[in-house]
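Top line first, the protein sequences correspond to chains W and G. Terminal number for the first sequence in this note's numbering: 708, no gaps in between. Terminal number for the second sequence in this note's numbering: 57, no gaps in between.
It is worth saying that the hints were derived from the structure and are not from the lab. Worth double-checking, as some hints may not be accurate.
Ranges between beta-carbon positions, derived for each pair [to be verified]:
no.: 1; chain 1: G; residue 1: L42; chain 2: W; residue 2: V429; range: 35 to 45 Å
no.: 2; chain 1: W; residue 1: S269; chain 2: G; residue 2: L42; range: 43 to 53 Å
no.: 3; chain 1: G; residue 1: L42; chain 2: W; residue 2: I175; range: 30 to 40 Å
no.: 4; chain 1: W; residue 1: P556; chain 2: G; residue 2: L42; range: 30 to 40 Å
no.: 5; chain 1: W; residue 1: T134; chain 2: G; residue 2: L42; range: 17 to 27 Å
no.: 6; chain 1: W; residue 1: K329; chain 2: G; residue 2: L42; range: 51 to 61 Å
no.: 7; chain 1: G; residue 1: L42; chain 2: W; residue 2: I422; range: 33 to 43 Å
no.: 8; chain 1: G; residue 1: L42; chain 2: W; residue 2: I391; range: 55 to 65 Å
Just so we're clear, the structure is a prediction, and the values are computed from it rather than from any experiment. For glycine and all other residues, C-beta sits at the position ideal for the given N, C-alpha and C.
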Amino acid sequence: MELEKFSYDNRMPRNFAMATVFWGIVGMLVGVIAAFQLAFPALNLDLAATTFGRLRPVHTNAVIFAFVGNGMFTAIYYSLPRLLKTKMYSDLLSKIHFWGWQLIIVAAAVTLMAGFTVSKEYAELEWPIDIAITIIWVIFGINMFGTILTRRERHMYVAIWFFIGSWAAIAMLHIVNSIEIPVTLFKSYPVYAGVQDALVQWWYGHNAVAFFLTTPYLGLMYYFVPKAANRPIYSYRLSIVHFWSLIFIYIWAGPHHLLYTALPQWAQSLGTAFSIMLILPSWGGMLNGLFTLRGAWDKVREEPILKFFVVGLTCYGMSTFEGPMMSLKSVNAISHYSDWTIAHVHIGALGWNGFMTFGMLYWLFPRIYKTQLFSKKLASTHFWIGTLGIILYAVPMYWAAFRSYFMFRAFTPEGQLQYQFIDVVQSTVPFYVMRAVGGTVYLLGVILMLYNLIKTVQQGSFVESEEAEAAPLPKFKATGKQFWHSVIERKPIWFLVASLLVVAIGGMIEMIPTFMIKSNIPTIATVKPYTPLELQGRDIYVREGCYTCHSQMIRPFRYEVMRYGEYSKAGEFIYDHPFQWGSKRTGPDLARIGGKYPDSWHFNHMLNPRSMSPGSIMPNYPWLFKRDLDISNTNSKIHAMRMLGVPYEQGYEAKANDDLQKQADKIAASLKNDKIEISSKKEIIAMIAYLQRMGKDIKASETTSTNN
Amino acid sequence: MSAMILMLIGSLIIAAGFLAAFLWSVKDGQYDDDFSPAHRMLFDDTKNNNNTNQSSN
Numbered sequence: 001m002e003l004e005k006f007s008y009d010n011r012m013p014r015n016f017a018m019a020t021v022f023w024g025i026v027g028m029l030v031g032v033i034a035a036f037q038l039a040f041p042a043l044n045l046d047l048a049a050t051t052f053g054r055l056r057p058v059h060t061n062a063v064i065f066a067f068v069g070n071g072m073f074t075a076i077y078y079s080l081p082r083l084l085k086t087k088m089y090s091d092l093l094s095k096i097h098f099w100g101w102q103l104i105i106v107a108a109a110v111t112l113m114a115g116f117t118v119s120k121e122y123a124e125l126e127w128p129i130d131i132a133i134t135i136i137w138v139i140f141g142i143n144m145f146g147t148i149l150t151r152r153e154r155h156m157y158v159a160i161w162f163f164i165g166s167w168a169a170i171a172m173l174h175i176v177n178s179i180e181i182p183v184t185l186f187k188s189y190p191v192y193a194g195v196q197d198a199l200v201q202w203w204y205g206h207n208a209v210a211f212f213l214t215t216p217y218l219g220l221m222y223y224f225v226p227k228a229a230n231r232p233i234y235s236y237r238l239s240i241v242h243f244w245s246l247i248f249i250y251i252w253a254g255p256h257h258l259l260y261t262a263l264p265q266w267a268q269s270l271g272t273a274f275s276i277m278l279i280l281p282s283w284g285g286m287l288n289g290l291f292t293l294r295g296a297w298d299k300v301r302e303e304p305i306l307k308f309f310v311v312g313l314t315c316y317g318m319s320t321f322e323g324p325m326m327s328l329k330s331v332n333a334i335s336h337y338s339d340w341t342i343a344h345v346h347i348g349a350l351g352w353n354g355f356m357t358f359g360m361l362y363w364l365f366p367r368i369y370k371t372q373l374f375s376k377k378l379a380s381t382h383f384w385i386g387t388l389g390i391i392l393y394a395v396p397m398y399w400a401a402f403r404s405y406f407m408f409r410a411f412t413p414e415g416q417l418q419y420q421f422i423d424v425v426q427s428t429v430p431f432y433v434m435r436a437v438g439g440t441v442y443l444l445g446v447i448l449m450l451y452n453l454i455k456t457v458q459q460g461s462f463v464e465s466e467e468a469e470a471a472p473l474p475k476f477k478a479t480g481k482q483f484w485h486s487v488i489e490r491k492p493i494w495f496l497v498a499s500l501l502v503v504a505i506g507g508m509i510e511m512i513p514t515f516m517i518k519s520n521i522p523t524i525a526t527v528k529p530y531t532p533l534e535l536q537g538r539d540i541y542v543r544e545g546c547y548t549c550h551s552q553m554i555r556p557f558r559y560e561v562m563r564y565g566e567y568s569k570a571g572e573f574i575y576d577h578p579f580q581w582g583s584k585r586t587g588p589d590l591a592r593i594g595g596k597y598p599d600s601w602h603f604n605h606m607l608n609p610r611s612m613s614p615g616s617i618m619p620n621y622p623w624l625f626k627r628d629l630d631i632s633n634t635n636s637k638i639h640a641m642r643m644l645g646v647p648y649e650q651g652y653e654a655k656a657n658d659d660l661q662k663q664a665d666k667i668a669a670s671l672k673n674d675k676i677e678i679s680s681k682k683e684i685i686a687m688i689a690y691l692q693r694m695g696k697d698i699k700a701s702e703t704t705s706t707n708n
Numbered sequence: 001m002s003a004m005i006l007m008l009i010g011s012l013i014i015a016a017g018f019l020a021a022f023l024w025s026v027k028d029g030q031y032d033d034d035f036s037p038a039h040r041m042l043f044d045d046t047k048n049n050n051n052t053n054q055s056s057n
């Protein structure tokens with residue numbers, strides 16, 4: 001057969017690789033700043049844009065979607081054409097993909113710092129950006145599937161399967177979780193409320209970890225580890241089993257984020273069961289990667305790239321063992337809302353994603369610049385600094401988590417709680433400092449890499465594209481018995497549909513019953529919609545990212561019920577668009593904060609938390625006292641809420657702002673009683689209204705219909 | 001309770017489907033060649049073969 005000439009493009013992988021390094025440093029720097037803010041609240045600078053509640057989403061979005069995202073695209077744009085012996089489908093689509101993605105990242109950072117957020121973790125971005133992400137993702141998909149369809153290599157190497165599975169799952173997750181009703185250009189409400197919103201969100205949140213941080217990087221691993229070691233993967237068969245079992249099981253595990261919450265019991269158990277099952281495919285994959293180096297461990301001693309891969313894979317194994325353990329209810333009782341979760345995700349993020357990325361970059365740059373790595377020794381130093389950084393980061397967090405758990409649940413012989421929340425906070429602060437130092441050390445390693453790569457680029461000369469030749473694919477015609485075999489194995493579109501189906505069925509079986517069957521969410525007669533002022537206050541709560549440190553979900557433990565009040569019921573959240581359960585308790589739970597303190601306490605506390613609660617690490621919120629509440633959108637907010645099923649009476653929009661003003665005046669008057677003068681038009685008034693409402697409805701009420 | 005039953009039925013159908021697919025694929029010889037793809041990916045067919053795998057030494 002005639003050989004066809006074509007070329008592999010190196011510009012796109014290079015662009016994505018450079019973006020990976022750049023956004024990696026930016027995202028980690030923001031993370032380090034946020035980490036220090038937890039120890040030294042003055043670093044919040046008393047500015048809205050630089051407060052922890054806004055910087056934390058910037059950090060998570062930057063490292064996930066900018067650093068790992070660009071890393072994933074680097075791997076795909078480099079490996080896909082080479083594995084399929086063709087060029088990328090369209091240079092134009094590649095360009096749009098690259099620049100579109102970078103623009104989205106910039107828009108994300110700017111809007112998050114401006115306070116435009118949906119508050120659903122790792123899906124905080126508001127609806128215009130959600131739409132932009134969808135468009136770019138589809139463009140990326142067309143480019144990838146176009147490449148696959150025009151391939152010259154019939155067999156699709158396992159890495160490609162991982163890329164396809166990731167693409168399909170993320171497309172669906174992103175769309176399902178981002179269904180929201182726009183109120184203004186940068187404000188929207190999710191269509192789901194309370195328990196259902198929480199279920200959808202953590203189904204997304206969990207699978208974002210699965211299909212954005214894990215499966216594409218497994219694809220990366222299956223390509224770059226064999227390449228760097230110059231030996232085939234340990235077991236190709238295992239890699240196929242790994243893929244199918246992983247994507248099938250992963251999608252069911254989401255509810256493990258909601259153990260001991262108001263989520264129906266059966267959904268919690270289902271999540272736990274599948275989480276335990278995940279150990280097998282995950283460890284199969286890890287061992288497959290590590291065993292690839294069997295008989296070549298001497299190379300690992302010499303080669304920093306392999307060192308990065310070995311520790312990266314080991315961290316993958318550790319966090320995929322730890323994750324299922326944390327899905328056990330008794331373990332989750334300790335780990336949930338604590339710094340354990342933070343340690344867990346950073347073993348995955350710094351160890352797995354970070355080290356796999358670094359290994360890939362050290363391998364890639366010398367190749368596309370046709371030179372040797374500037375300094376192997378420096379890369380090795382980076383490896384050791386990075387490993388040290390991970391340890392310095394994780395150990396204090398584990399320690400802090402257990403320490404605070406034992407403090408939270410300590411009772412005096414009289415049966416009273418032994419420690420105030422603030423005691424726990426203060427005893428955790430030293431660990432926050434150590435963690436921030438660990439993060440800084442890790443970041444220093446990345447800066448070493450930047451220097452090393454710049455030097456490598458300078459000494460080399462860029463190879464824009466590499467000429468290649470291969471025979472075209474003969475037209476394949478399947479017959480009889482072979483038909484289904486070929487349909488499944490050889491047709492990427494079919495493969496895509498199959499992955500989508502697997503993923504969708506898993507999600508639907510978990511979600512549809514909760515949506516459809518009323519008995520799962522007992523309604524509580526006294527739970528009423530928020531007043532317009534409370535609704536506005538709630539949106540400020542969302543805007544400031546209060547959920548990043550405060551949960552609104554009291555679990556049914558004696559030590560929580562005694563500290564925070566009656567445990568939370570599913571029926572209390574039916575008007576919560578979005579839910580605000582949170583995932584971390586850096587500060588106390590707020591589900592029943594309403595009525596606990598006078599208005600003046602909240603006023604002083606928001607102005608300077610340390611005046612009311614000495615030793616607090618909460619930021620000041622001075623701008624809430626200066627800004628007037630924007631009430632021009634009250635009508636559209638009420639309207640949107642009614643569309644979502646919140647029972648505001650017809651025509652209430654017209655009266656909403658009057659009611660809002662009345663309630664605001666009342667709060668201002670109550671503050672005046674305590675000798676605090678402030679205009680009833682300020683944002684803080686709405687904030688106080690919301691805080692004072694929280695968790696109150698259920699008091700003096702009885703559950704009208706219960707359990708399933 | 002109806003939610004549990006719905007879920008159970010759904011899960012069993014999927015599980016059965018995948019078991020069937022797995023048995024079929026083994027019987028069909030789907031995984032017979034698990035050698036050449038793993039080796040083929042190590043070789044890039046670039047013309048100016050600056051063999052990409054040497055420098056790890």
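Hint by hint, here is what the structure shows:
no. : hint                          : result
1   : G:L42 with W:V429: 35 to 45 Å : violated (51 Å)
2   : W:S269 with G:L42: 43 to 53 Å : holds (45 Å)
3   : G:L42 with W:I175: 30 to 40 Å : holds (38 Å)
4   : W:P556 with G:L42: 30 to 40 Å : violated (56 Å)
5   : W:T134 with G:L42: 17 to 27 Å : violated (37 Å)
6   : W:K329 with G:L42: 51 to 61 Å : violated (46 Å)
7   : G:L42 with W:I422: 33 to 43 Å : violated (59 Å)
8   : G:L42 with W:I391: 55 to 65 Å : violated (34 Å)
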